[in-house]
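Protein chains in written order, with my numbering: chain H, 10 to 206; chain A, 4 to 192; chain P, 27 to 223.
FYI, nobody ran anything at the bench for these hints, they're computed from the structure.
Each hint should be verified, as a subset may be incorrect.
[Claimed, not checked] If we take Cβ atoms under 7 Å as the criterion, some of the chain P residues that face chain H in the derived model are:
hint	residue
1	G45
2	M48
3	H52
4	Y53
5	A54
6	E80
7	G103
8	Y134
9	E138
10	R139
11	E165
12	R167
[To be verified] Below, a list of computed lysine-lysine pairs in the DSS-like style, where the Cα atoms sit at most 25 Å apart:
hint	chain 1	residue 1	chain 2	residue 2
13	A	K113	P	K50
14	H	K104	P	K159
15	P	K159	P	K97
Even for Gly, the Cβ is constructed at its ideal location relative to N, Cα and C.
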Amino acid sequence: MLESARSRLKAWAAAGIGTAAAIAVAGVLGAFEARHAQVPVLAPANPIETGQWLLQPVKAYVSSEKYIYGTLRKPGAKALVFELDMTNRTATSTKDYFELLQANQPTIDPATKPYIVLTRDGTLSPELHPGMTERMAYIWDLPDGAAVPASLDLNVMSKIYKQRDNLYGLPGWFNPSAIGTLDVPVGPAPDNAEGQP
Amino acid sequence: MTAQDLAQDNRLGEKKWRRRSLWALLVLIPLTLAVEAYDSVKALLVDNDLFERRVAWGESAHFGGSDWKLTDLRGAFGMKNLPPGTVPVLADFAVTVGNPDLQNLWLGCKVMLIDAEGRRWLPTSAVRLNAPDNVQTCISAIFSGAKTGDVLNLRETFLVPKDVTNTIRPAVGVGSERPYFLLFQMEKD
Amino acid sequence: MRRLANLVLLLVAVALCYGLQMSKPHYADLIGPIPVRGKVGDVVVGRSFEVRVEKVQFARKLRADRYGETKVLTTGGVWALVTVEFAARDASTVVSTASWRGPTRLTYDHTERLSFINNGFLPVTVDPGLQKKARLVFEVRPEEVGNATVLISSKLLAALDSQAEISIGPVAASSDGMPAGTVDTLDLTQPVDGLPK
Numbered sequence: 010m011l012e013s014a015r016s017r018l019k020a021w022a023a024a025g026i027g028t029a030a031a032i033a034v035a036g037v038l039g040a041f042e043a044r045h046a047q048v049p050v051l052a053p054a055n056p057i058e059t060g061q062w063l064l065q066p067v068k069a070y071v072s073s074e075k076y077i078y079g080t081l082r083k084p085g086a087k088a089l090v091f092e093l094d095m096t097n098r099t100a101t102s103t104k105d106y107f108e109l110l111q112a113n114q115p116t117i118d119p120a121t122k123p124y125i126v127l128t129r130d131g132t133l134s135p136e137l138h139p140g141m142t143e144r145m146a147y148i149w150d151l152p153d154g155a156a157v158p159a160s161l162d163l164n165v166m167s168k169i170y171k172q173r174d175n176l177y178g179l180p181g182w183f184n185p186s187a188i189g190t191l192d193v194p195v196g197p198a199p200d201n202a203e204g205q206p
Numbered sequence: 004m005t006a007q008d009l010a011q012d013n014r015l016g017e018k019k020w021r022r023r024s025l026w027a028l029l030v031l032i033p034l035t036l037a038v039e040a041y042d043s044v045k046a047l048l049v050d051n052d053l054f055e056r057r058v059a060w061g062e063s064a065h066f067g068g069s070d071w072k073l074t075d076l077r078g079a080f081g082m083k084n085l086p087p088g089t090v091p092v093l094a095d096f097a098v099t100v101g102n103p104d105l106q107n108l109w110l111g112c113k114v115m116l117i118d119a120e121g122r123r124w125l126p127t128s129a130v131r132l133n134a135p136d137n138v139q140t141c142i143s144a145i146f147s148g149a150k151t152g153d154v155l156n157l158r159e160t161f162l163v164p165k166d167v168t169n170t171i172r173p174a175v176g177v178g179s180e181r182p183y184f185l186l187f188q189m190e191k192d
Numbered sequence: 027m028r029r030l031a032n033l034v035l036l037l038v039a040v041a042l043c044y045g046l047q048m049s050k051p052h053y054a055d056l057i058g059p060i061p062v063r064g065k066v067g068d069v070v071v072g073r074s075f076e077v078r079v080e081k082v083q084f085a086r087k088l089r090a091d092r093y094g095e096t097k098v099l100t101t102g103g104v105w106a107l108v109t110v111e112f113a114a115r116d117a118s119t120v121v122s123t124a125s126w127r128g129p130t131r132l133t134y135d136h137t138e139r140l141s142f143i144n145n146g147f148l149p150v151t152v153d154p155g156l157q158k159k160a161r162l163v164f165e166v167r168p169e170e171v172g173n174a175t176v177l178i179s180s181k182l183l184a185a186l187d188s189q190a191e192i193s194i195g196p197v198a199a200s201s202d203g204m205p206a207g208t209v210d211t212l213d214l215t216q217p218v219d220g221l222p223k
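Construct all of the structure, not just a fragment, from the sequences and the given hints.
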């Protein structure tokens, strides 16, 4: 009886010490710091590297055209357009850019999904191919009567590469996290009526 | 009872249980395989038209809650603007609706042509022939709201090579009857 | 002695497990597509379809009809147009994906910018005994053109299904870096099989 109580105590102690050691190692490796890290402010003039993309911001503006790169809006409605050059840095064609830029300001509800359009011919969210830079436009519909914002405040997200995911053992990009904030001044709308379908 | 007796008892019990466990594996391993394979085998049977039920010429067969009868199978020879060596084939069925719950019973309805080698053709969208208004396809009939006793005229259009027109037979599969499907025989069979 | 033997056994087991982990194929390799290889002009026979590459052309621009209006599609790289002839084997089926794998294994998926054309482009329905021509269109970097492989499969994740892998062979480059024989504009407005629409 005494024997078994002692061995049980030993087992509990071993499990406790093991857990404590695991947490300590995780702490040393920095598992708990990511949550509190401040993300840097990115300069719109410089290229931005995320895991999969190389981004070069071009311009942001508010447009009240009916068609912006083929996307249709109601009469009188306005949209905030952000144009940038995007280069796929990976080895395969991908359209994993829906979470790349997240609007952060009071005029745009962060839940509003932008249209993401290839400016070349107005194709809606096409795959972009390895090493081929394309001018893309993120187009957020502004709510009716919203004031024209002076600048566009974005969170730039990045993902990390895993050679094998835990479910299918396939390579992929996972765990989006912000790598910085980007503040692009909103300029005047370009004159040329572009993007007729 | 001394400590030594206890230890010996434990050892005997261990041995007995080890032997029992090994025998249990004989049952457990096949059982595991069966449980693991169950979904795959079920999917294989439910998703595929595997076993034919032959229907003699002129007769009707109860299938998916209704009575199916092949009324005509003919080639539309002499049409222009088709790839060379091909011919459109029309298969006509008269279906007397029994159970009107077609949306469940006829789910995944598939009409096909099967030739002597077992090759299968599905309906084509490359050929459009004019049909009377009361003629439907299998899929459109599902949503027609037909009631018990109604007779549906179904027609499917296929495009096949000219050299198989003598050996092709129409066949019908529906979700509620798989893995069985109906294979209609011709007059000359 | 006994303790030492146990320790040795443990180390042997660790080494064995490590060796297995290093040398065994991964899940993704085991269930991946099964390649069927060939070259231009060969009939490559897969499980559900067979395909023959008739010719490969390169162009700076494409001309295509979109809702009755003729559009010219530009690209940041070069358009690669592969004319193929399909047939089904045992049953009518659909061929829906193709990619261009360059010499450095960068993989360019079939373009999504021509999805408004619905005849003679992917996805193609094919029937047994009936040859059907189609055009595969890729947007690639000019240096990824020579010694490339065209990959064709029935569906996107062709797990345990055959994938036709057709090698294009060397392509000479002209002085401006474009592949030799690159034309200015290729016309896609005419149906590939010469039959009226």
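Each hint tested on the structure:
{"no.": "1", "hint": "G45", "result": "violated, 18 Å"}
{"no.": "2", "hint": "M48", "result": "violated, 14 Å"}
{"no.": "3", "hint": "H52", "result": "holds, 5 Å"}
{"no.": "4", "hint": "Y53", "result": "holds, 4 Å"}
{"no.": "5", "hint": "A54", "result": "holds, 5 Å"}
{"no.": "6", "hint": "E80", "result": "violated, 24 Å"}
{"no.": "7", "hint": "G103", "result": "holds, 5 Å"}
{"no.": "8", "hint": "Y134", "result": "holds, 5 Å"}
{"no.": "9", "hint": "E138", "result": "holds, 4 Å"}
{"no.": "10", "hint": "R139", "result": "holds, 5 Å"}
{"no.": "11", "hint": "E165", "result": "holds, 6 Å"}
{"no.": "12", "hint": "R167", "result": "holds, 5 Å"}
{"no.": "13", "hint": "K113/A - K50/P", "result": "violated, 42 Å"}
{"no.": "14", "hint": "K104/H - K159/P", "result": "violated, 29 Å"}
{"no.": "15", "hint": "K159/P - K97/P", "result": "holds, 23 Å"}
Of the hints listed earlier, those the structure fails to meet are numbers 1, 2, 6, 13 and 14, in rising order.
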